[in-house]
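Engineer: Turn these sequences into a full structure, and let the hints guide you.
Residue numbers (my numbering), protein chains in the order written: chain A, 318 to 681; chain B, 318 to 681; chain C, 318 to 681; chain D, 318 to 681.
Derived by calculation from the structure, the hints in this document are not laboratory data.
Please note: incorrect hints may appear among the correct ones.
No copy labels: a pair is met if it fits in one copy or bridges any two.
[Claimed, not checked] Result set (DSSO-like, lysine-lysine): computed pairs, CA atoms no more than 30 Å apart in a straight line:
(1) K336 x K390
(2) K513 x K573
(3) K466 x K403
(4) K390 x K379
(5) K573 x K623
(6) K481 x K336
(7) K466 x K390
(8) K462 x K414
(9) K515 x K490
(10) K592 x K633
(11) K388 x K403
(12) K633 x K390
(13) K414 x K388
(14) K573 x K481
(15) K466 x K481
(16) K592 x K515
(17) K336 x K388
(18) K573 x K515
Protein chains: 4
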Amino acid sequence: MNTFGRLFRLTTFGESHGKAIGGVIDGCPPNFAIDFEQVQKFVDLRRPGTSLLFSQRQEQDKVQFLSGIFKGKTTGAPIAFVIYNKEYRSSDYENLKDLYRPSHGDFTYEKKYGIRDWRGSGRYSARETAVRVVAGAIAMQILDKFGIKVFAYTSQIGSISLQKAYTELNLTKIYANDVRCPDERLADMMRQEILKAKQQGDTVGGVVTGVIQGVPAGLGEPIYDKFSARLAYAMLSIPATKGFEFGSGFSAVQMKGSEHNDLFDIDERGNLITKTNNSGGIQAGITNGMDIVFRVAFKPVSTIFKEQQTVDRQLKKVRYRPGGRHDPCPVPRAVPVVQAMAAMTVLDFLLLRQKDGLMIDVEY
Amino acid sequence: MNTFGRLFRLTTFGESHGKAIGGVIDGCPPNFAIDFEQVQKFVDLRRPGTSLLFSQRQEQDKVQFLSGIFKGKTTGAPIAFVIYNKEYRSSDYENLKDLYRPSHGDFTYEKKYGIRDWRGSGRYSARETAVRVVAGAIAMQILDKFGIKVFAYTSQIGSISLQKAYTELNLTKIYANDVRCPDERLADMMRQEILKAKQQGDTVGGVVTGVIQGVPAGLGEPIYDKFSARLAYAMLSIPATKGFEFGSGFSAVQMKGSEHNDLFDIDERGNLITKTNNSGGIQAGITNGMDIVFRVAFKPVSTIFKEQQTVDRQLKKVRYRPGGRHDPCPVPRAVPVVQAMAAMTVLDFLLLRQKDGLMIDVEY
Amino acid sequence: MNTFGRLFRLTTFGESHGKAIGGVIDGCPPNFAIDFEQVQKFVDLRRPGTSLLFSQRQEQDKVQFLSGIFKGKTTGAPIAFVIYNKEYRSSDYENLKDLYRPSHGDFTYEKKYGIRDWRGSGRYSARETAVRVVAGAIAMQILDKFGIKVFAYTSQIGSISLQKAYTELNLTKIYANDVRCPDERLADMMRQEILKAKQQGDTVGGVVTGVIQGVPAGLGEPIYDKFSARLAYAMLSIPATKGFEFGSGFSAVQMKGSEHNDLFDIDERGNLITKTNNSGGIQAGITNGMDIVFRVAFKPVSTIFKEQQTVDRQLKKVRYRPGGRHDPCPVPRAVPVVQAMAAMTVLDFLLLRQKDGLMIDVEY
Amino acid sequence: MNTFGRLFRLTTFGESHGKAIGGVIDGCPPNFAIDFEQVQKFVDLRRPGTSLLFSQRQEQDKVQFLSGIFKGKTTGAPIAFVIYNKEYRSSDYENLKDLYRPSHGDFTYEKKYGIRDWRGSGRYSARETAVRVVAGAIAMQILDKFGIKVFAYTSQIGSISLQKAYTELNLTKIYANDVRCPDERLADMMRQEILKAKQQGDTVGGVVTGVIQGVPAGLGEPIYDKFSARLAYAMLSIPATKGFEFGSGFSAVQMKGSEHNDLFDIDERGNLITKTNNSGGIQAGITNGMDIVFRVAFKPVSTIFKEQQTVDRQLKKVRYRPGGRHDPCPVPRAVPVVQAMAAMTVLDFLLLRQKDGLMIDVEY
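Structural biologist: Here is the structure:
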């Protein structure tokens, strides 16, 4: 169950303070020239230690590819890669090994497995998402050949919420700041919100909005593997997520059918479009060619630097104050992760499409 | 992709106006005496024609079992069942067969498959969910042996929102009214909201809240098959859904970590509990033994009885007014569907659990 | 686990003496006009009661389709079908219900499930293969559009073995006799071998040879889903099978590499071929464009009409003599089953192929 | 498709002359103390360069574990491991890169992927099987806790065939010689057969017999995932395999039902057994508690040191003589691979078993 996808499949491994984290991509289209520099750059976007808003753990997150590539091109064989863990301090966790931190996986993992790797949250550390970003970077490069672009950005931090629609934003500017909000003014406000929480030893949550452009109509599998269902599944596999909505989302609840229906129209080039996009690009579980738009809710990081009550393995109440280095807000570093998971989801559906040919129109 | 589940697997088939709908359950625990009367009663809860709030199509939805049962008990062989369609009027759809109704699957299905069964929305009709309810009813009976109870209820219709938490409600009264809201006063208001929309030839959306009690700690599979991710996937496979959240959900975004963390405590019987349940019973993707709580957003039904503009298969603009019989609100009849999908999700995870034994402590 | 295939998937259900057997095909290419008469004709080839060599159970095996077809064409929705059981005499099995017949599934099924449907061998009756033949017939019709032909024939019954290679046979004459051996002289000898065993109240085994022509090079998935591995899996899922080999098979063991290697050559049309075909059309797990050739061993039917010693459910030794109606040899009626499983295996791989387009060159 | 198994899953990666080969085991039971020294010893049994009968490539095949283990015990997290390739000479293959060697994967891989890593056969080199042996070694250690033992041995090389049944052999002596035949006299004869072929620049095939003891009755999944079908699938995924049979296998074809039936009996301890074991421990696809016995046919190695005709990528006929270092017979080094695949197959079924509890009787 450490594998994501059906035809484009990523299997991940590794713990936060183990020797290495890494993954194996199976089903990657062959004969594709990966831009490795771009992969590393994308990985660097979620790298810790590069902003005051991020955990101060110093990791280079240098990706090493072990297989599946010959003379710079994919061969169809599985692409394995590792990121060796360089800088960790398991001693920070020594005092936590016999207690269950609130709202972490300490208790649930121990209950499930009867054993727990307590160093840096072990397998359930968000460090695992670095691996997803590698695979997502490759998926995005392939999607680019099909004219498909995947974006994600911070649209809310705590109570600071971006009101502009994505169509009013310059999506190429998302990574221009460390908040990953393309509206600089809001980004500043959000940054303050995060830093304020940090100064208080506290943490804060937020929302990431995703936008996928250029997806052809007809992707998605009825009845259970709806595009929307697989996208929700992908997003809720990301640590700290609490909710998912697409198109009108929860706001649809208060709309009438006559308001919510997306009327079909013909654009100036004679293409079928919808006048509004409450469907978020997905109708009856299948893409309709309009932009896919979705939002993912993140809770505040569980590790706060305040003393809290909790319970130890002997079920005795104890008080504790955590060590370690942590993000004050999960959102900015989650932005590339959302983007990566969305890209893998789209590519997987593209490979499953049965009509119109798959890779064949593309000259690599 | 018409199959749901990993070890407890439901495969469904059938179209709204075809001969029959039905399903095959594979992986059902053997030697279990199904209460068939209870199954039929549960199916009747989503049957059309039984309330003014529902579609007036008259269907008995009589479930016939074809296999997998011997002398009233499951044998471990696949359990097939059919519901023959009795009352449908495909003629109501004749005038729609060459156009794409807004926010339906007409366009996307035709784009995906190059062909479309236009009678009553064919495969993408919500009629398919009757099959899920059969399998869910069986799953609930099995879960009951393990002390696991699954509930779902209407918590919002349009702007009428139930403010009480589920702990303040009598969950055994959900089906006492046709709105499926256990608070009678709110149920009345919600009923008016639906009828008002109906009178206007319009439709309205809503929210279903789900609660699962008695789930043992330790269910869920890292990293991708988190309990929350699978639950989201299950819910967003239901027609008309737009969003999913669990525990604190989207409201977590505005909370501080110090507010959001669920502090561990010991109850009077010496069991580990959490003082709050923002986690919604799921931590790091694995159940922690607390109640699982989630919410699912439904859009208003797309078929409204007002003239609308749309586009036909020749991409010409046309105006149309639908026929057929439809629900003015998808929510009341979706309540048992949410319950069914939740039950199957839990049972599937229970069968995957590797420690503590599976079925063995249960005397059937 | 009652599902076969990855993209072209068949889920089967039903017991020998239950109400019905049937199946659901998921992933069938859409927009294809099925020739239903041909499907029924193919099903009739394995129907009991039509030859002295077959079980005398009288079943019409009339296939009824329930879904997935609109105006004679597949829609992409799951294709469900049932065959109602009409003529069975469960009373023939009453005296067997508390004992374990030798070399049947009585003991193993009861051990696995804790319960057993003893009527006519229940789920583990070869009657289930009627369902595979329906799906295989559809698969063959689709493959035909791609110029792919699937054959199977009886090549050995007991000690009567056909020495001719398939290239010396007229494969269109296979079903001209009830033995399903295209060499009439050998067919007569085989028929006598079966009837002789039948007269003695005994049974006899045999070999079915399969030939698939027109398969393009490049089908098959390394490393585990080799074409040969999936074909072996498909064949050994057929009741009464004991072995599988492809190309040179077990005879390769005694060959030198210099004899066994299939040298490449260019034919008169400039195509790459191999001079010999010890590879059986599969090299390194992937098809090479040559004919795929394989052989499947069948044991003699376990039900013999002689008194035998066995053990009952209380683990007491008992003597028994079976009732019921059975085949004296499993091979003739298994021929269409081998053909069906081979066809589904090829089609599944064809749908998985990523290069060269899938269905797109075909005008239905 | 580079993943094997359903609950105990191995994903492999790597090419013969790439940086590394390796794998990820997902679903390994937690809390198990792996004996790493034993794992390495088992890997060494298929290591090249250790006998005149093997390829002379010098590889240490040192296994490095990267994840999933904490203080020597499995944690339930995926277990990743790598074996870095140390000694390879890709230059040996330079002259082969533009031609298709007979009976190798050169042509089929290029046809499938449009690209080929020609160094040392790339992904389709049998070097990949080193990874399976690692996972198989771990599986065997776990099975040992359940009293399940997995054996494999050479039973035929060319025309030299061991006539003794496995019950007459000392299965603990298999690895006492480099042929891996527990009958020393036959082992000598087989060794001569291999060396004779080698001296002639030729190669030879053979048979590996597998025996699994202590498997409980009730493992296997009807209808398609029969124990026998999965075992065949596992075995035919091994490079150079041509056939599989279990129990009586192809010899069943010439037996009468009255000879072939395995009569049930009660042994001195009151357990149900069969007097003969033509079923090879599997009846109706499910284990019956008797020893599982099977045989796997291997063709002679395709690389021979004689000049052969072949065809190049421009479809011109050429003559070639291979370089590289190769096994004169695939069988001796395949013995631990057969053992590994069998072990993983059994463990996977054990984890799927629903009754009787899974891991619960085992004190780690």
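Engineer: What label fits K592 with K515 when the C-alpha limit is 30 Å: within, between, both, or neither?
Structural biologist: Answer is between; shortest inter-copy Cα gap is 25 Å, intra-copy 43 Å.
Engineer: When Cα atoms must be at most 30 Å apart, do K462 and K414 count as within-copy, between-copy, both, or neither?
Structural biologist: between (48 Å within a copy, 29 Å between copies)
Engineer: Is it within, between, both, or neither for K573 and K515, if the alpha carbons may be no more than 30 Å apart?
Structural biologist: between (42 Å within a copy, 10 Å between copies)
Engineer: Using 30 Å as the alpha-carbon threshold, which applies to K515 and K490: within, between, both, or neither?
Structural biologist: Within. Shortest intra-copy distance 25 Å satisfies the 30 Å Cα cut-off; inter-copy 46 Å does not.
Engineer: For K466 vs K403, is the C-alpha pair at or below 30 Å within one copy, between two copies, both, or neither?
Structural biologist: Close neither inside one copy (33 Å) nor across copies (41 Å); limit 30 Å.
Engineer: At most 30 Å between C-alpha atoms: does K390 with K379 qualify within a copy, between copies, both, or neither?
Structural biologist: Cα proximity of K390 and K379: in one copy and across copies (20 Å, 28 Å).
Engineer: Indicate which option fits the pair K466, K390 if close means a Cα-Cα distance not exceeding 30 Å: within, between, both or neither.
Structural biologist: Classified as within: same-chain Cα gap 22 Å, cross-chain 36 Å, threshold 30 Å.
Engineer: Is it within, between, both or neither when you check K414 against K388 at 30 Å Cα-Cα?
Structural biologist: Classified as between; 13 Å across copies, 46 Å inside a copy.
Engineer: Evaluate K633 and K390 at a C-alpha cut-off of 30 Å and name the case that applies: within, between, both or neither.
Structural biologist: Only across copies: K633 and K390 sit 26 Å apart there, 56 Å inside one copy, limit 30 Å.
Engineer: For K592 and K633, with the copy left unspecified, which applies at a CA distance of at most 30 Å: within, between, both, or neither?
Structural biologist: between (60 Å within a copy, 15 Å between copies)
Engineer: How would you label the pair K388, K403 (within, between, both, or neither) given a Cα cut-off of 30 Å?
Structural biologist: both (29 Å within a copy, 19 Å between copies)
Engineer: Checking an output row: K573 and K481, CA cutoff 30 Å. Within, between, both or neither?
Structural biologist: Answer is both; intra-copy 23 Å and inter-copy 24 Å each pass.
Figure legend: structure checked against the earlier numbered hints; hints not met, in rising order: 3, 6.
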